[in-house]
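Just so we're aligned, residue 1 is where the sequence shown starts under this note's numbering, counting upward by one.
Hints are supplied without guarantee of correctness; some may be wrong.
To be verified - As a list, the in silico SDA-like pairs of lysine to any residue whose alpha-carbon atoms are at most 25 angstroms apart: (1) Lys71 - Ala83; (2) Lys71 - Val106; (3) Lys71 - Gly12; (4) Lys71 - Ser102; (5) Lys71 - Ala58; (6) Lys71 - Glu45; (7) Lys71 - Gly6; (8) Lys71 - Ala96; (9) Lys71 - Ala97; (10) Lys71 - Val123; (11) Lys71 - Met23; (12) Lys71 - Ala22; (13) Lys71 - Val110; (14) Lys71 - Phe92; (15) Lys71 - His15; (16) Lys71 - Ala60.
In case anyone wonders, no lab produced these hints; they're calculated from the structure.
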Amino acid sequence: MIRPDGLPPVNGYSHAVRFSGAMVAVSGQVPVDGAGQLIGADDPEAQVRQVFTNLAAALAAAGSGLDRVVKLTVYLTDLADLAVFRTVRDEFIDPAAPPASSLVQVSGLVHPAFRVEVDALAVA
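Modelling step: build the complete structure from the supplied sequences, incorporating the hints.
So, in structure tokens, the structure goes:
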């Protein structure tokens with residue numbers, strides 16, 4: 001379900017998603033590679049791409065995938081990065097079947113160079 005009657009327009013998310021079965025919860029993923037190195041220090045696109053790469057790997061390890069995500073929570077330190085976030089997100093998440101989503105602007109993340117963090121709920 002993307003937009004039930006009476007709710008405002010959406011941009012890349014669903015107001016509600018119905019699912020059944022076991023759930024996978026993925027902790028907040030940040031723009032760090034498998035060696036622990038920051039990716040894209042001053043490049044929001046590279047950071048978002050790394051976050052979704054990490055999210056995909058975590059979901060796969062738990063027996064799920066990006067196509068089974070029912071809820072994303074997105075934390076951005078700068079709302080000017082939102083357009084870039086949406087563009088990259090749509091490369092990883094099918095825009096025709098978007099999950100429910102929340103976006104929060106935060107004053108900072110665990111590392112001062114992080115611009116984005118994303119956690120997810122998915123069907124196993």
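Hint check:
no.	hint	result
1	Lys71 - Ala83	19 angstroms, holds
2	Lys71 - Val106	19 angstroms, holds
3	Lys71 - Gly12	12 angstroms, holds
4	Lys71 - Ser102	8 angstroms, holds
5	Lys71 - Ala58	15 angstroms, holds
6	Lys71 - Glu45	21 angstroms, holds
7	Lys71 - Gly6	21 angstroms, holds
8	Lys71 - Ala96	15 angstroms, holds
9	Lys71 - Ala97	12 angstroms, holds
10	Lys71 - Val123	10 angstroms, holds
11	Lys71 - Met23	11 angstroms, holds
12	Lys71 - Ala22	14 angstroms, holds
13	Lys71 - Val110	22 angstroms, holds
14	Lys71 - Phe92	14 angstroms, holds
15	Lys71 - His15	10 angstroms, holds
16	Lys71 - Ala60	16 angstroms, holds
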